[in-house]
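A.B. asks: Read top to bottom, the protein sequences are chains P and H. Start counting the first sequence at 314; every next residue gets the next number (the working numbering). Start counting the second sequence at 314; every next residue gets the next number (the working numbering).
Honestly, I wouldn't trust all of these hints.
Identical chains share a label here; the pair holds if one copy fits it or two copies do between them.
Heads up, simulated DSS-like pairs for lysine-lysine below, C-alpha to C-alpha not over 27 Å straight-line [claimed, not checked]: (1) Lys343 to Lys663; (2) Lys598 to Lys393; (3) Lys716 to Lys393; (4) Lys393 to Lys713; (5) Lys393 to Lys592; (6) Lys407 to Lys713; (7) Lys592 to Lys507; (8) Lys343 to Lys633; (9) Lys407 to Lys716; (10) Lys393 to Lys667; (11) Lys633 to Lys508; (12) Lys663 to Lys592; (13) Lys663 to Lys633.
Since the hints were derived computationally from the structure, they do not count as laboratory data.
Protein chains: 2
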Amino acid sequence: MHNKALVAQGGGPTAVINQSVIGVVLECRKFPQIERIYGALHGVRGIVDEDFLDLTQETTQNLELVAETPSSALGSTRDKPDRAYCREIFETLKAHEIGYFFYVGGNDSSDTVRIVAEEAEAAGYPLRSIHIPKTVDNDIVENDHTPGYPSAARFVAQAFMGINLDNKALPGVYIAVVMGRNAGFLTAASALGKKFPDDGPHLIYLPERNFDPDAFVAAVEATYERHGRCIVAVSEGIHDASGQPIIGQLGKALATDAHGNLELSGTGALADRLADLVKDRLGIKRVRADTFGYMQRSFVGCFSDVDQREAREVGEKAVKYALWGDTDGSVTIQRVGNYQVDYDLVPLVKVAAKTRTMPDHFIDEAGTGVTDQFHMYLRPLLGSGMPNEFRLQTSNRVAKIRKRG
Amino acid sequence: MHNKALVAQGGGPTAVINQSVIGVVLECRKFPQIERIYGALHGVRGIVDEDFLDLTQETTQNLELVAETPSSALGSTRDKPDRAYCREIFETLKAHEIGYFFYVGGNDSSDTVRIVAEEAEAAGYPLRSIHIPKTVDNDIVENDHTPGYPSAARFVAQAFMGINLDNKALPGVYIAVVMGRNAGFLTAASALGKKFPDDGPHLIYLPERNFDPDAFVAAVEATYERHGRCIVAVSEGIHDASGQPIIGQLGKALATDAHGNLELSGTGALADRLADLVKDRLGIKRVRADTFGYMQRSFVGCFSDVDQREAREVGEKAVKYALWGDTDGSVTIQRVGNYQVDYDLVPLVKVAAKTRTMPDHFIDEAGTGVTDQFHMYLRPLLGSGMPNEFRLQTSNRVAKIRKRG
Chain P
314 MHNKALVAQG
324 GGPTAVINQS
334 VIGVVLECRK
344 FPQIERIYGA
354 LHGVRGIVDE
364 DFLDLTQETT
374 QNLELVAETP
384 SSALGSTRDK
394 PDRAYCREIF
404 ETLKAHEIGY
414 FFYVGGNDSS
424 DTVRIVAEEA
434 EAAGYPLRSI
444 HIPKTVDNDI
454 VENDHTPGYP
464 SAARFVAQAF
474 MGINLDNKAL
484 PGVYIAVVMG
494 RNAGFLTAAS
504 ALGKKFPDDG
514 PHLIYLPERN
524 FDPDAFVAAV
534 EATYERHGRC
544 IVAVSEGIHD
554 ASGQPIIGQL
564 GKALATDAHG
574 NLELSGTGAL
584 ADRLADLVKD
594 RLGIKRVRAD
604 TFGYMQRSFV
614 GCFSDVDQRE
624 AREVGEKAVK
634 YALWGDTDGS
644 VTIQRVGNYQ
654 VDYDLVPLVK
664 VAAKTRTMPD
674 HFIDEAGTGV
684 TDQFHMYLRP
694 LLGSGMPNEF
704 RLQTSNRVAK
714 IRKRG
Chain H
314 MHNKALVAQG
324 GGPTAVINQS
334 VIGVVLECRK
344 FPQIERIYGA
354 LHGVRGIVDE
364 DFLDLTQETT
374 QNLELVAETP
384 SSALGSTRDK
394 PDRAYCREIF
404 ETLKAHEIGY
414 FFYVGGNDSS
424 DTVRIVAEEA
434 EAAGYPLRSI
444 HIPKTVDNDI
454 VENDHTPGYP
464 SAARFVAQAF
474 MGINLDNKAL
484 PGVYIAVVMG
494 RNAGFLTAAS
504 ALGKKFPDDG
514 PHLIYLPERN
524 FDPDAFVAAV
534 EATYERHGRC
544 IVAVSEGIHD
554 ASGQPIIGQL
564 GKALATDAHG
574 NLELSGTGAL
584 ADRLADLVKD
594 RLGIKRVRAD
604 TFGYMQRSFV
614 GCFSDVDQRE
624 AREVGEKAVK
634 YALWGDTDGS
644 VTIQRVGNYQ
654 VDYDLVPLVK
664 VAAKTRTMPD
674 HFIDEAGTGV
684 TDQFHMYLRP
694 LLGSGMPNEF
704 RLQTSNRVAK
714 IRKRG
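Okay, chain P solo, but in the shape it has when bound (with noise of 0.2 Å):
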């Protein structure tokens, strides 16, 4: 009775989200009070389903494999459940007899868990309920960084390490939006990508500071001055000083999810609105807008190595609290050396439903910019074998013959 454990992954997929998975699932298999390990198919929407593969007859090997696969191997959902699909789900799980449920997702995943964990204390049912964090954001409070940041942050870093030097070889304003609709920390990762003191990123727009259009043209037109270029990293969520998300003044109608929330990603509009404020404010010519999109969280062969085995490590983690230990809750990641990490189990209300964004001694004074700290925080983080920028020596130059004077 009760011997079954589910898992589940929920929200926007990551990079690193399966090992997650597989963490869990060969975990489980090393304890004999576990007979069964099922996967639910689109998280909780196949939890009510009843949508489940029987992951115990899986290979260590084809595991293995799908571990190193980016995106949800078990699909996910965006809905978001209340506490009467939170009760559906239970009811699925106590028909199923499951004792053990876990549940990789961000902060409304840590919620869900949360309420169908209350639902089986009120009836007495004996269930293990934990919350495994993912999440490109890195916006879940109680961890030092969260599993799908720091491969997603590598995403960002070589991206921009290579919008660099294309901006270095054809000069001119280049602006590129980058995901984070409340935390920067995936927009300012896009610094780690810079070398030399002229490199890009110059400026970078992050949702914890007010966006102002006149200040912006201002300070583009000065580093256009100053280094013949601009590059701009701007997060998708950046709004104005009462809050009003700057994609949603265009003046056309935009898409809200179930959430309600504003699509942010999936257009290239909000890119576009900043390069011609630039064109028309500025005259400048040659002014390019790219907006990162989907890639940033799926890319395939773009991985922080470190990333990939603490997303392993919080869904092993996740069964052996909830086999030796005899509460639910959600496991974080503690940093404990420079660099190593340990793990904790911290109760659900303490993580769900709340949102992390970058501290202040991780941006500049300007506002535009991150500090040391925030290098030192995420370099670590990036895992090995980050790709290097070299340039030729410029001081070997030749003296004209044609134009002496």
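Using the hints, position chain H against chain P.
C.D. replies: Showing chain H alone in chain P's frame:
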């Protein structure tokens, strides 16, 4: 006298363009006839301005590191020289006693080399002028493929591999716009990320075929009904039956570049317009659009090792042709085995200002996909270590309990 060589880079950067420059520099050092090897900054612009670096003073170690760095280390230009401009180029070459001129670039660059060579010949000046091919578009005639394309193609294939995994986890319609004004080679590379029969991209739109919005909407609808999702790869250069670019049909004036071409890259407008079309006509809720933008040609850390090797070799061969042969020309790549290439020098007039597009046998009958022949053509170019996708086994379904009926 005339014992100096000059190398420069023109047009859009690629991930491996520095390999060609370094190939030239290192090979020049092996010929006692060449005393100095100069690099012009920002292409032909740097030649008329006499902005030269003496690359003879570089260490081999640094040259090798620069070779692995994407984008044009010498800088590039979009200048398209006319006869008078080319005369200025020639006068500068003469003033500096340049006997060997190597220009790494695309179609426009090869035309510049042709005119400069003509000027030298008319003046009776001993100059060997060699064009070294590069372009992510793969649109240079007389070549099996062009250096720069394989690495960009690999980026596009890996990007779509990830996009497909993301879209499978959170189903909907996803549209991505890929670079390619006249040639669809880069957009077609999106198909190389497919592994399972239901993997995306499900539809591929190339500039080699006319784009019909109604047929596009119908194809998206049919795919969505079949798979519950639909991924579309679109070339930025798609046009209607009259040849008018679809991006130009936005009701908004678009900028043109120095060559009089509409600016297609650096804006998300086309992707957003196509997404709106799908939303409006089909009423599908989750429709997302990305524009891959400049990452395609500059992303650091996504290379084809085959491309790196060949880009180096065309530079090396260019020097051998210049020193041992007695003709000007353009270096070309010929496929001699599956997979091995050899190189050839063809007259500049055969390549200059011409554009190659995808042959019919690479495009399927519906015009929205590629053939096996294209897969056979492209796969070896992507090089070693391509990532792979693995799925959980869907055969291990758990029987439903609550919803038995």
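A.B. asks: If a hint holds in the structure, say so; if it doesn't, say that too.
C.D. replies: Outcome of the hint check:
1. Lys343 to Lys663: neither (30 Å within a copy, 68 Å between copies)
2. Lys598 to Lys393: Close across copies (17 Å), not inside one copy (45 Å); limit 27 Å.
3. Lys716 to Lys393: The answer is between: 22 Å across copies meets 27 Å, while 69 Å in one copy does not.
4. Lys393 to Lys713: Answer is between; shortest inter-copy Cα gap is 23 Å, intra-copy 68 Å.
5. Lys393 to Lys592: So lysine 393 and lysine 592 pass the 27 Å test across copies only (23 Å; inside, 41 Å).
6. Lys407 to Lys713: Between copies only: 13 Å across, 83 Å inside.
7. Lys592 to Lys507: within (26 Å within a copy, 39 Å between copies)
8. Lys343 to Lys633: within (10 Å within a copy, 64 Å between copies)
9. Lys407 to Lys716: between (85 Å within a copy, 14 Å between copies)
10. Lys393 to Lys667: within (14 Å within a copy, 55 Å between copies)
11. Lys633 to Lys508: Neither, since 42 Å and 36 Å both go past 27 Å.
12. Lys663 to Lys592: Answer is neither; intra-copy 46 Å and inter-copy 39 Å both fail.
13. Lys663 to Lys633: For lysine 663 and lysine 633, only the intra-copy Cα distance (20 Å) is at most 27 Å; the inter-copy one is 69 Å.
In this structure, the hints that do not hold are numbers 1, 11, 12, in rising order.
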